[in-house]
Amino acid sequence: MKTTQIENAGRRRFIIDTSVLGGGLMLGLGSVPMDALAQKNPAYNQNSIMNAADPEVNAWVNIKPDETVIIRFVRSEMGQGTRTGLAQLVAEELECDWKKVITESPTPGQSVARKRVWGEMGTFGSRGIRISEDYVRRGAAAARMMLMQAAANEWNVPVGELTVNKGVITHAKSGKKTTYGKVSEAAAKVTPPDPKSITLKDPRTWKVAGQPYARLDTADKVNGKKVFGADLQLPGMLCAAVKACPVFGGKIVSYDESKVKNLRGVKGVVKVNDGTVAVVADTWWRAKTALEALPIVWDEGKGANTSSSDIEKMLRSGLDENGDFWQRKEGDALGAIQNAPKKIEATYYTPYRSHANMEPMNATVRITADRAEAWVPTQNGEASHAALSEAAGLPLNQCEVFKLDPGTGLGRRGGTQEYVTYAVAIAKQFPGVPVKMMWSREEDMTHDYYHPIAMAKMTAGMDANGNITGMHIKVAGQSINATVSPMAIKNNKDVRQLQGLYEEPGDAQLGYKFPSLLTEYVMKNTHVPVGPWRGVNTNQNGIFMECFMNECAVTAGKDPLAYRQALMQNHPKHLAVLNAAAKKANWGSPLPTGVHRGIAQFMGYASYSACVAELSVSGNIVKIRRLTFALNTGHVVNPWLVREQIEGSVVMALGAIFNPEITVENGRIKQTNFDSYPLLRLASTPKIESVLVPTYDFWGGVGEPTICVVGPAIINAISTALGRPMRNFPLYKENLSLA
Amino acid sequence: MQITVNNQVHNIDVEPNMPLLWAIREIIGLTGTKYGCGIAQCGACTVYMNGEPVRSCSIPVSAVGSMKITTIEALSPDNTHPVQKAWIALDVPQCGYCQSGQVMAAAALLKRIPKPTDADIDNAMSNICRCGTYQKIRDGIHVASGQKKLADVLAQYEASPQTRG
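Chains as they are written, first to last, in the working numbering: chain A, 1 to 739; chain B, 740 to 904.
Treat the hints loosely; a few may be bogus.
[Stated by the list, open to error] Facing chain A, from chain B, some residues (calculated, C-beta under 10 Å):
no., residue
1, M740
2, N746
3, Y774
4, G777
5, S805
6, M806
7, C834
8, Y836
9, C837
10, A847
11, L849
12, R851
13, I867
14, C870
15, D891
[As the list claims (entries may be wrong)] Label-pair distances were calculated between CB atoms; the ranges are:
no., chain 1, residue 1, chain 2, residue 2, range
16, B, P816, A, N165, 35 to 45 Å
17, A, A566, B, Q895, 39 to 49 Å
18, A, D370, B, Q895, 55 to 65 Å
[As the list claims (entries may be wrong)] Under 7 Å between C-beta atoms, here's a sample of chain B residues computed to sit facing chain A:
no., residue
19, C776
20, A779
21, C781
22, G804
23, P832
24, Q838
What the hints contain is simulated information worked out from the structure, not anything from laboratory work. Quick caveat, the model's predicted, so the values are computed rather than measured. A virtual CB, placed ideally from N, CA and C, is assigned to each residue, including glycine.
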């Protein structure tokens, strides 16, 4: 039996039997029926769901007789623009008319039934475009070749004599013209070319891709028509509100159903699992109101003894532990530091962070004896499908997931699919009835998979000229893999936690060459679940590295830009981006009195980022005048979307650096809503400028790379302004707030 | 009780303490108005009461009385409100979840102050956007108010009406 591992929530992994995946094939193409209910209900936004019975040129393209070009899209769209970007890549190779393009999404069930012809669906790690660009473009080019061949066959002329422009095929010799819409049915019968034999266009010659095209899906976002998972209304639907033990790992001792079962609209109380209870009612507000009135006795378990101060102590002790923690060992860094005339040491702290997606966690499930269906705002349709199958106890080909565009994901709705599992457990108690489970904001914030907490002790040896002779980076903190994929941890070493400090090029390489270097990671796990949060471990590692580089430059009495440049000569791509940001921001030019600059560069998700911050500090108020970014993503599929992702990452990072963090008190998360865990607002958002410097020789990510340079650039500018280093975050701990 | 939403009178039989948000979403069935926090912090639930923007998650439906409620669905029949036009032209929304509230807040600002300054925008636009679309929201309001030309804003981002597809 061939097996595939898929990450699942609840600190477990499970195995999908791929013979079941293959088994779908025996049912034949299009055998997974569309959900009849979904098709009938006008409130369900089915427009983007593929109908398996529809004709197509190939898996990626369906062109209707009216010339509408339907492009298939299987990644998740949660605001980052991947739907539009991938459609641009398809349209580029297809040579169709962009004005005629719409997209639709094959479901995970349809994908299983066709041997996963559309590839994987996971949309995280800034990979929506860069991981699928090749097969998506090849699919589009194959469709173009088939359409051209169909026209050539009809006219009985060599296909080489045909040209195509915006979906109009022309045979110059005879003056004949036809369109994609007219030949698409015949094209479907043409033998497809081997995708590997196709030559893709040089991105420097792109006409549709590479342009700052408008998104395909904006119109319904400005009038309330767009249906999110939270908005789903299905006939006969019930709603569920959920409460898990406030302390992670705690269990239900008892609850008194009699106190709520007669409340208006209540249909039942469901024990979701050992530590979670739900109330089901005719509307969500009634379910939530009843749940708040439900007396629950918890056994809070061991976790109740832990508070943030204990966790901080544990991390601090980790920084002093000696053991087999190393990940990079180049030369004798410890010896070099010991023998250096000057030693610099700094300890930094970064806190837990909540995703706080605007759309709270939710999933809608309907279970019958032989079928399970789920409507899920998900970053990974296949993981949702697998979680549905496992929880429902039904094989994949009896399960279907209808993806809805999430109201942001930020890493929360990908590998961790426990919300689907919960919704299934509830819906099982109401066979045949769709049940929409949604978490309150409070439940969402207190039961997240948080950005991991970390500390770092950075130590450098410096010679008389201010040059670094040895660098020692020691990080103690919680491991994401320990929560979500423990099998990725080898010999107690978790490489992922030192993201951005790698030696290997291509993904998250450190841009400096030190005469000697030692990197260490000391794993310190807690009962608080952690997970990927936009930028993941580049967030804290970028702060550690880039703030410490600034401290070293200050100690050496050198310009922080020049100081970095000298150490980056072996990393030309990092250096070029740093220089581009410095140039755009006029680094070194005179500033008004009281205004200071800070700079940072880092690499993540195969892209190179740099930022220059310009700000003033008055009393304890920080006023940011300008933020300038440079970014090399290799190729740029849509510069408008790239700039928007830079702007978005700034807002998320700024909030994380200044606003109160997530803390633990008696085992539970203390912050419950946006009053105690405020997010950045418009008034505090500075002017953001970006310069895109693609080198056209790799495919880098877009959604996350810039987030990790925002913090250090700002922190370094503040440190310059105040004449002392900032090391404790968020910055309210330094009595600083954003204007 | 009776409430008037988008010029339609609805007879609804609900608990008096049900927040207006949930009456709109779950009883009347208009889901453009979003739930984000339930404590009037995020503004995703912004609707108008007699033309004034309010956070419907924190107003009991019994307090509405004869006041007229307007939701995002009735801001314009066909995306033609200047704010909607600017939002589309600049692709202000990313995920879109908070944007019903952002659009309602921006339209209310322009009604009160047709040519708002940046400071006016700072004061009026306190709605939370997790995607971080604030710079585009500011641009969008300036375009909708006619204080900036669309082409000039596009040019800031190295785009033009011709290169937007």
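Evaluation of the provided hints:
Hint on B/M740 is violated. Least Cβ distance to chain A is approximately 15 Å, over the 10 Å limit. The restraint placing B/N746 at the interface with chain A is violated, with a minimum CB-CB distance near 16 Å, outside the 10 Å limit. Hint status for B/Y774: holds, given a least beta-carbon distance of 6 Å to chain A, under 10 Å. With 10 Å as the threshold, the beta carbon of B/G777 comes within range of chain A, its nearest partner Cβ sitting at about 6 Å, so the hint holds.
Annotation: interface hint on B/S805 violated; nearest CB of chain A at approximately 23 Å, more than 10 Å. Nearest Cβ of chain A to the Cβ of B/M806: about 20 Å, over the 10 Å cut. The hint is violated. Because the beta carbon of B/C834 sits about 3 Å from the nearest beta carbon in chain A, less than 10 Å, this interface hint is met. Given the 10 Å rule on beta carbons, the hint for B/Y836 holds: about 3 Å separates it from the nearest Cβ of chain A.
Proximity of B/C837 to chain A holds as hinted, the smallest CB-CB distance being about 5 Å (cut-off 10 Å). A distance limit of 10 Å between C-beta atoms decides the matter here; for B/A847 the minimum to chain A is near 15 Å, and the interface restraint is violated. The criterion of a C-beta within 10 Å of any C-beta in chain A is not met by B/L849, whose closest approach is roughly 14 Å, and the hint is violated. Here the hint on B/R851 is broken, as its CB sits about 17 Å from the closest CB of chain A, past 10 Å.
Using the Cβ-Cβ criterion of 10 Å, the hint placing B/I867 at the interface with chain A is satisfied: the shortest such distance is roughly 5 Å. Below 10 Å, beta-carbon pairs count as interface contacts, and B/C870 has one with chain A at about 5 Å; its hint therefore holds. Because the beta carbon of B/D891 sits about 15 Å from the nearest beta carbon in chain A, more than 10 Å, this interface hint is broken. Under the hint 35 to 45 Å, the C-beta atoms of B/P816 and A/N165, about 37 Å apart, fit the expected range.
For the hinted restraint 39 to 49 Å between A/A566 and B/Q895, the CB-CB distance of approximately 34 Å leaves it violated. A/D370 and B/Q895 have their C-beta atoms about 57 Å apart, which keeps the hinted 55 to 65 Å range intact. Interface hint at B/C776: satisfied, since its Cβ lies 5 Å from the closest Cβ of chain A, which is below the 7 Å cut-off. Hint status for B/A779 relative to chain A: violated, with the closest Cβ pair at about 9 Å, above 7 Å.
For B/C781, the interface hint holds, the least distance from its beta-carbon to any beta-carbon of chain A being 6 Å, beneath 7 Å. At its closest, the beta carbon of B/G804 sits 20 Å from a beta carbon of chain A; the interface hint therefore is violated under the 7 Å criterion. The criterion of a C-beta within 7 Å of any C-beta in chain A is met by B/P832, whose closest approach is roughly 4 Å, and the hint holds. A distance limit of 7 Å between C-beta atoms decides the matter here; for B/Q838 the minimum to chain A is near 5 Å, and the interface restraint holds.
In this structure, the earlier hints numbered 1, 2, 5, 6, 10, 11, 12, 15, 17, 20 and 22 are contradicted, and the remaining ones agree with it.
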